[in-house]
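Chains as they are written, first to last, in this note's numbering: chain A, 68 to 381; chain B, 97 to 276.
Mixed in with the good hints there might be a few duds.
[As the list claims (entries may be wrong)] If you want the footprint, here are the derived chain A segments under chain B, 3+ residues with CB under 8 angstroms:
#, region
1, 99-105
2, 257-270
[Unchecked claim] Per label pair, the in silico range of CB-to-CB distance:
#, chain 1, residue 1, chain 2, residue 2, range
3, A, Phe171, B, Pro253, 24 to 30 angstroms
4, A, Ser164, B, Lys164, 38 to 44 angstroms
5, A, Val230, B, Pro253, 50 to 56 angstroms
6, B, Ile133, A, Glu353, 42 to 48 angstroms
7, A, Lys110, B, Lys227, 30 to 36 angstroms
8, A, Phe373, B, Glu251, 44 to 50 angstroms
[Said to hold, decoys possible] Below, computed lysine-lysine pairings styled on DSSO-like, alpha-carbon distance capped at 30 angstroms:
#, chain 1, residue 1, chain 2, residue 2
9, B, Lys130, B, Lys196
10, A, Lys133, B, Lys130
11, B, Lys164, A, Lys376
These are computed hints drawn from the structure, not numbers from a lab.
No residue lacks a Cβ here, since even glycine has one placed at the ideal position from N, Cα and C.
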Amino acid sequence: MKTSLLFISLLFTVSLSKAQTTTKDTAKSSTDSLMNTLSIPEKGEPVIATFKATRLILSQTTETVKKHGLNFLVIHRFGDIGGSAGGGKTLWGLDNSSDIYIGFEYGLSDNLNIDFGRSKFESLLELGLKYNILHQKTDESMPFALTLIGKTGLKAYHSNTPVFDNYSNRFSHLLQAVVARKFSPALSLQVSPMYIFNNAPFPFLYGNERRFLALSAAGRLKFSKRMGLVIDYVHPFSNFRNSSVNPRFYDGLGVGIEIETGGHVFTINFTNAQAISEFNYLNDTESDWGKGQFRLGFTISRIFDFNKKHKSGY
Amino acid sequence: MKYIGVILLVWFATNRTGQDIYACKNAVVTLYSKAPIEDIEARTDKGTSVLNTATGELAFSVPIRSFKFDKALMQEHFNENYMESDKYPQATFKGKLTDKVDVTKDGTYPVTASGVLEVHGVKQTRSIPGKLTVANGAISLTSEFTVACKDHKIEIPTLVFHNIAESIRIQVSAAYSPYK
Chain A
68 MKTSLLFISL LFTVSLSKAQ TTTKDTAKSS TDSLMNTLSI PEKGEPVIAT
118 FKATRLILSQ TTETVKKHGL NFLVIHRFGD IGGSAGGGKT LWGLDNSSDI
168 YIGFEYGLSD NLNIDFGRSK FESLLELGLK YNILHQKTDE SMPFALTLIG
218 KTGLKAYHSN TPVFDNYSNR FSHLLQAVVA RKFSPALSLQ VSPMYIFNNA
268 PFPFLYGNER RFLALSAAGR LKFSKRMGLV IDYVHPFSNF RNSSVNPRFY
318 DGLGVGIEIE TGGHVFTINF TNAQAISEFN YLNDTESDWG KGQFRLGFTI
368 SRIFDFNKKH KSGY
Chain B
97 MKYIGVILLV WFATNRTGQD IYACKNAVVT LYSKAPIEDI EARTDKGTSV
147 LNTATGELAF SVPIRSFKFD KALMQEHFNE NYMESDKYPQ ATFKGKLTDK
197 VDVTKDGTYP VTASGVLEVH GVKQTRSIPG KLTVANGAIS LTSEFTVACK
247 DHKIEIPTLV FHNIAESIRI QVSAAYSPYK
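In isolation and in its complexed conformation, chain A is listed as follows:
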């Protein structure tokens, strides 16, 4: 009797302690596994910040200004650093400004922007729409971002050519598709086919096409959280430009450093293209890196936010 009681009590304590440990084990593992099943991150989040700004050096990026945001752009190109127009006489081009662009980009929605800008080069005014149609997704269900751009340029002032006597000759149009991919947090690349049609060929020379295709390729490699190296290249598929000897035309090529400060994005660059707007540099880039005809330039992009602040609960 005594032994059986002892045995029973022993069994009880064993089973009790065992039951307790299993309770604890299952509880712990179930809390963990439950947490894991509950906190699976949402799939297919759009990839953000493929580029820091809506512009690189020559190209526009796939990025748009978000809803009720206003991007104020000041873009500047100095004169030739070397060559006949450069050198110490002009403080390596700093005395001259080959182009100045002041622009505004406003977010009608997160994906749709309306853009307005004015260039010193040819006193060009331009108005455009930009629509970010596809977003790259984190789960690779969409491997790239696609943005469409359409804009119209107007040379509103009488310049030195008589072609503008017919007012419609002052207009040019551009259609562009930008395809970009963020390969890693540091590396983003984009290619962008463009189609430009000028109502009057520019420059107004015999044999110049009014319309042609162009392709640009650009990329950014971040070397710190806030700074990156930018390269931007554009080639117009124009027989006239490729074969013309006087004047000779060149592909646009820019290299620069991009710095983001939270609110501002600065780009400091060197490029052979004198002009900032596609309407000007696609049509008329006559300066050559090899002849020292490249220049210092910068882009300042500042975003203002016009979203209403919601009432703080704090």
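Starting from the known structure of chain A, fit chain B onto it as the hints suggest.
The following block gives chain B in isolation, referenced to the frame of chain A:
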């Protein structure tokens, strides 16, 4: 007889576990940065939490990408520059309530959860105070605490024009339901 006793005991012990687990899939987490130039606030309701009332175990997880800011650019900078949400997509807390609470009785109980808070991939052992409320059998948990950016290697460069507080206030609120 002894077998019945053992079986009863084992059954009782195993049966208990399931009923003590409570889960919340829409925990609200709000963060506040109060600084002289600008007050910044962001909110998410996509936090998840599991509470085991028998053992006191508590787990929280918040997807960083789900925080919504007033300014889109701030939201982008938060993810891209500060939290690096592509590398560290979640902020988590895993710990235990140090106070025993009887969840069968209605009332408000001050509690302390001690455990590991992981933000921006950096783990910190923390003891976080909160309030556990039981009302008509429904359990909810609220808490307010601060996270120092420095503790979690969140760098705020001097170049930044937005003024960001060095310590971020966090409010958490979770309403639990029994997990079946």
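Starting from the hint list further up, note which numbers the structure goes against and sort them upward. Of the numbered hints, 2, 8, 9 do not hold.
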